[in-house]
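Peer 1: Residue numbers (our numbering), protein chains in the order written: chain A, 1 to 185; chain B, 1 to 408.
Simulated from the structure, these hints should not be mistaken for lab results.
Warning: the hint list may mix true and false statements.
[Unchecked claim] Derived Cβ-Cβ restraints for the label pairs, each shown as a range: (1) B:N387 to A:I91: 37 to 43 Å; (2) B:D191 to A:F135: 54 to 60 Å; (3) B:P240 to A:E159: 49 to 55 Å.
We put the beta carbon where it would ideally sit given N, CA and C, even for glycine.
Chain by chain, the residues run as shown.
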Amino acid sequence: MKEAQDLRAGNTVKINNELFLITHYDYHKSGRNDSVVKYKLKNLRTGAPSDAIYRASDKLDQIVLDKRPMQYLYKSNDTYVFMDQENYEQIEMTVDDLGDATYFLKEEMEIEVQMYDSKPVGVELPINVELKITFTEPGNKGDSSGRVLKPAKLETGYEVQVPLFCNEGDIIRIDTRTGEYAKRV
Amino acid sequence: MSAFLGPLDIHAQRIDNYGDAGWSWRLAREFAYRKTATTVRFFFDDLSLLNRMEPSLSPELTHQRVEGVEVYDINRLTEEEAASMERPDLLLEIFGTTPPERLHPYLLLPAKLRIQMEYLSAEPWAVESHLLPSPLGWGPARYFYFSGFSPESGGILLDSRLDEDAREMKADSEGALARSLQPFGLTSPPDGNPLKVFFFTYQGHYTGLIEAFKRYKRPVLLFLLGRESLLSLEEEFGSPLLPGEIRRQGSLTLLPFPFLPQREFDRLMALSDLLFVRGEDSLARAVQLGKPFLWQAYRQENDYQLVKVEAFLKHWSSLAPPGALESFLPLWYHYNRKFENEGALSAEEGDILLESLEELSSAVKFLSHSVRSKADLVEKFTQALENLSKGVTFQYEGSAGPKSRKHG
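Produce the entire structure from the sequences given, and follow the hints as far as they go.
Peer 2: As structure tokens, this is what we get:
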């Protein structure tokens with residue numbers, strides 16, 4: 001069993017004897033109690049998508065699927081191409097298969113691809129990835145609007161809130177579990 | 001109104017201050033008052049705390065009936081007693097409260113639905129998450145319920161007793177004020193026609209605000225509520241403020257109140273002209289009363305309360321006429337960001353607030369009207385149950401279904 005906050009996109013859980021792949025993960029601070037996490041799930045038997053929400057400390061039955069080390073090669077239209085590091089075979093996955101992982105994939109990144117019934121169903125990302133900021137507004141000194149964060153676009157197209165001191169061209173570390181800024185590298 | 005007419009079990013607990021417990025008790029009272037459920041059972045872990053807010057409730061009893069609610073001390077309730085009770089159909093678990101594991105076979109596992117009630121918030125993610133399923137793979141079907149301000153949310157808790165008291169006090173406002181001044185040995189305010197300010201804040205520095213009160217065109221009667229408000233103003237006044245002891249500076253009169261039960265606390269809010277409120281429960285009361293107010297959100301790490309304040313103001317702005325809130329926005333952010341270290345509001349900001357009470361008052365009316373007509377929590381809860389319980393057969397239903405059951 002694993003706490004809901006420790007699972008992330010690419011993990012698989014078993015609920016009522018069905019296997020679900022987490023394709024999207026959102027972490028939200030709540031009030032004075034537990035935070036909550038929201039998942040988008042894909043039923044691995046039917047392919048049906050669904051939404052679910054949990055307390056961060058809820059325990060879920062994580063199922064570890066077979067994994068193969070692969071390298072992400074490139075994207076062609078909506079298809080992501082990976083190469084098996086052991087037999088050099090190339091496999092393709094869609095945005096639906098990858099979910100949030102598409103925000104953090106960089107070419108040549110080495111990751112683990114999860115297999116179910118001999119088919120690739122998702123990827124397991126490293127906890128942290130480092131990505132370049134391609135656009136953000138300059139942070140003004142003396143900003144009195146009350147803001148402490150500003151939006152920034154990263155090289156993968158992902159948008160994240162960053163501290164006002166971050167600039168275009170900076171490399172920042174993202175926590176893939178929460179999708180949030182962790183630090184400037 | 002769609003009728004939920006089955007039994008309801010509410011599980012709540014003490015979290016930190018009185019606000020969460022008070023809100024939970026208010027919810028149980030309201031369900032019983034509106035006769036939405038056939039029985040309301042309220043399980044709580046600290047009846048001494050609840051007794052301070054509801055003096056008619058004994059802290060000594062395992063089970064008692066108060067205000068139409070069956071109240072249970074969850075810590076005293078034995079497995080044998082729980083086993084002999086009627087099995088639950090519907091659980092409302094407030095702010096993450098769950099029955100203790102030893103009582104699961106009697107108070108949790110037999111239920112058909114578990115609803116997780118969350119804190120009041122206008123944040124978009126909370127509205128979007130309202131009524132999402134939370135399947136665990138064991139136990140009853142579970143859903144999350146997010147209270148909020150918009151019709152798409154779970155609504156805010158409107159207290160019928162407060163409405164009744166407010167109407168009664170409006171009909172005899174002088175008498176109501178005189179009764180409130182009794183603990184101070186007064187029968188009328190020291191100065192005529194005062195602005196009555198309800199001051200219930202987190203601890204901070206309020207020098208600027210006090211200055212603004214002192215130089216306001218009308219005398220100010222400041223009702224001080226809660227330990228943190230008292231401690232904050234002690235700093236400003238340089239000596240302890242004792243409950244029941246009047247303190248005056250020019251035309252500003254400070255009235256430090258002792259701890260008040262929920263009903264007296266609410267009545268004082270209803271009597272006031274301007275409300276400084278904190279946390280979620282008193283925010284909901286301010287909105288319900290439709291009086292001008294300034295809200296301090298519960299402080300969180302990295303100033304996260306600002307996100308909550310921003311979401312709330314955005315929703316409110318969408319209801320009020322364009323620009324109606326514009327002059328107040330910086331003031332609200334400063335009040336929520338700086339009150340700990342730098343002082344909540346400058347005297348000039350205090351002046352803006354006091355000089356714009358009419359504008360603020362009319363903007364609040366839009367918000368108040370909107371939640372009353374479209375976001376009443378009890379109403380929305382019963383409507384939500386109609387959907388969530390499709391395909392679920394409750395124990396109380398028999399073969400006829402919930403709508404066929406008559407109350408009583």
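Peer 1: A separate judgement is required for each hint: does it hold in the structure or not?
Peer 2: Comparing the hints with the structure gives:
Checked against the hint of 37 to 43 Å, the C-beta distance between N387 of chain B and I91 of chain A comes to roughly 41 Å, which is consistent with it. Checked against the given bound of 54 to 60 Å, the beta carbons of D191 of chain B and F135 of chain A, roughly 58 Å apart, stay inside it. Hint check: P240 of chain B to E159 of chain A, Cβ distance near 52 Å, so the stated range 49 to 55 Å holds.
Of the numbered hints stated above, none is contradicted by the structure.
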